[in-house]
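Colleague: The lines below spell out each chain.
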Amino acid sequence: MSGNLRTVTETSALITEGRHLLLAGDESLLAQLPAGSWIGGTIPYFMDAEGGVVTRDRIYVDELPALVVDARVASYSADELSRIPGDGFSSGFSVVILPATSEAHARYAAEAPEFTGLFERPVVGWVSGVHLDDLGKVSPKVFAGSGGSGTDSRAVVLHAELPEGVLASADIVNLFHQGDGPVLTFDEVGFSQGKVSVDGVPRVFADYLTEIGHDVRLPLVADYFGAMINVSFQAVPDDGGPVALYAPVFDGIEYKLAAPVGDYVSEFVSQLPSGSVSPTFSCNCILNFLYSDLEGKKTGDVQGPITFGEVAYQLLNQTLVYLTIHE
Amino acid sequence: MLPSQTDPRWRKLIDQPDQYTYKFLALKILMQRVARKGGARMSPTDRESTVVEVFSFFQKNQALMGDDIAVIFG
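So the sequence lines, in the order shown, correspond to chains A and B.
Per this note's numbering, residue 1 is the first one in the first sequence, and the count goes up by one each step.
Per this note's numbering, residue 1 is the first one in the second sequence, and the count goes up by one each step.
Hints were generated in silico from the structure; no laboratory data involved.
The beta-carbon is built from N, C-alpha and C at its ideal position, and this holds for glycine as well.
Treat the hints with care, since some could be wrong.
[Unchecked claim] Simulated restraints, written as ranges between beta carbons of each label pair:
{"id": "1", "chain 1": "B", "residue 1": "R9", "chain 2": "A", "residue 2": "L135", "range": "50 to 58 angstroms"}
{"id": "2", "chain 1": "B", "residue 1": "R11", "chain 2": "A", "residue 2": "D79", "range": "30 to 38 angstroms"}
{"id": "3", "chain 1": "A", "residue 1": "K195", "chain 2": "B", "residue 2": "R36", "range": "14 to 22 angstroms"}
{"id": "4", "chain 1": "A", "residue 1": "T7", "chain 2": "B", "residue 2": "Q62", "range": "42 to 50 angstroms"}
{"id": "5", "chain 1": "B", "residue 1": "R9", "chain 2": "A", "residue 2": "D239", "range": "49 to 57 angstroms"}
{"id": "6", "chain 1": "A", "residue 1": "A66", "chain 2": "B", "residue 2": "P3", "range": "30 to 38 angstroms"}
{"id": "7", "chain 1": "B", "residue 1": "R11", "chain 2": "A", "residue 2": "E164", "range": "27 to 35 angstroms"}
{"id": "8", "chain 1": "A", "residue 1": "Q234", "chain 2": "B", "residue 2": "Q19", "range": "31 to 39 angstroms"}
{"id": "9", "chain 1": "A", "residue 1": "D133", "chain 2": "B", "residue 2": "M1", "range": "56 to 64 angstroms"}
{"id": "10", "chain 1": "A", "residue 1": "A66", "chain 2": "B", "residue 2": "M1", "range": "30 to 38 angstroms"}
{"id": "11", "chain 1": "B", "residue 1": "K12", "chain 2": "A", "residue 2": "A13", "range": "50 to 58 angstroms"}
{"id": "12", "chain 1": "B", "residue 1": "A70", "chain 2": "A", "residue 2": "D239", "range": "51 to 59 angstroms"}
{"id": "13", "chain 1": "A", "residue 1": "L132", "chain 2": "B", "residue 2": "R9", "range": "31 to 39 angstroms"}
[Unchecked claim] One side of the interface only, derived from the structure: several residues of chain A facing chain B at Cβ under 10 angstroms:
{"id": "14", "residue": "G117"}
{"id": "15", "residue": "E120"}
{"id": "16", "residue": "D207"}
{"id": "17", "residue": "A222"}
{"id": "18", "residue": "Y224"}
{"id": "19", "residue": "F225"}
{"id": "20", "residue": "I253"}
The task is simple: from the sequences and hints, build the whole structure.
Modeller: Next comes the structure, spelled out in structure tokens:
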């Protein structure tokens, strides 16, 4: 793993040397950085070598390896997101950062699974956020290659080129799997759902969750041919109003509520990639960080930003995403 | 070695994406997209474009997909 926490001065030096960087940190730090081959997003939570860290004083730096022969930095409005797959190099990968709660975030979450060419190369990334004390006061930002490029409305992407014959792959670690409860389906795509079908029987979603006493730390889980894809709960209103989710559910997909997880840290470490795998980039979800009280705790050797959402082709929740380059 | 794009096993894979268990993450998500598009219920045009997409995906990633290729194509 190449990343670690650095000062603005150290990060600026790497940019000036022409390194290709993926950055995460406080807005005030990212805004000081010079122009170069980098993208960044705001977040103060990280998994560093020493364990879970909360800091506004340093920048988390993932430096792409030297075998990345070229990189392009771009930003996209919500209407331009479908261009992301086609803008990548013919051989390589793309890293996307979306500002949380923006239209770009919502549209990518709902539309990316249908993008033409999405699977031409790995697309990984994350959703930028803020310190939880600043929720509602400060908007999450992303940066596209300069300190002056901060925006809370566009997606930023670093498209990386790999030499012929060198491949990258995206993978996930998800502790959750489907429980043995009923099948839940939805009629519409969306982050907000008032109704649910429970084994085919229509119900008010909030009432159903309240009735069964569901622990909302346990997400909805869809089984994508063996890949467990989570949708996390944001809020379940007491008055039977729409349930707010951190990612959209999709019509035509069967969900179940997740089975409980035992000890997060030990289960997580047992599922991490083996020692032969050295991720170029990884990120983990803020909900895992919070629900499992990861501050000061290590989750194996996998490091990176703790995020408001993760991307492995499509938006994910409560999942660790990592990218590996296979030489 | 992948079969040619005209091999009927590609159509079978598109029509019945749930007939195999996959190992490669991108393939799992791609096949979920194929299933959501309707599998065998797709229009002939969609079916053909999906075969092209899936074949291209296998071509690009075959070095990482040995286990899946062995299961699907023997």
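Colleague: Would you mind marking each hint as holding or not holding in the structure?
Modeller: Verification of the supplied hints:
| no. | hint | in the structure |
| --- | --- | --- |
| 1 | B:R9 x A:L135: 50 to 58 angstroms | holds, 51 angstroms |
| 2 | B:R11 x A:D79: 30 to 38 angstroms | holds, 35 angstroms |
| 3 | A:K195 x B:R36: 14 to 22 angstroms | holds, 20 angstroms |
| 4 | A:T7 x B:Q62: 42 to 50 angstroms | holds, 43 angstroms |
| 5 | B:R9 x A:D239: 49 to 57 angstroms | holds, 53 angstroms |
| 6 | A:A66 x B:P3: 30 to 38 angstroms | holds, 37 angstroms |
| 7 | B:R11 x A:E164: 27 to 35 angstroms | holds, 30 angstroms |
| 8 | A:Q234 x B:Q19: 31 to 39 angstroms | holds, 36 angstroms |
| 9 | A:D133 x B:M1: 56 to 64 angstroms | holds, 57 angstroms |
| 10 | A:A66 x B:M1: 30 to 38 angstroms | holds, 32 angstroms |
| 11 | B:K12 x A:A13: 50 to 58 angstroms | holds, 55 angstroms |
| 12 | B:A70 x A:D239: 51 to 59 angstroms | holds, 54 angstroms |
| 13 | A:L132 x B:R9: 31 to 39 angstroms | violated, 51 angstroms |
| 14 | G117 | holds, 8 angstroms |
| 15 | E120 | holds, 7 angstroms |
| 16 | D207 | violated, 28 angstroms |
| 17 | A222 | holds, 8 angstroms |
| 18 | Y224 | holds, 4 angstroms |
| 19 | F225 | holds, 4 angstroms |
| 20 | I253 | holds, 7 angstroms |
Hint compliance for this structure: hints 13 and 16 are not met, and every other hint is.
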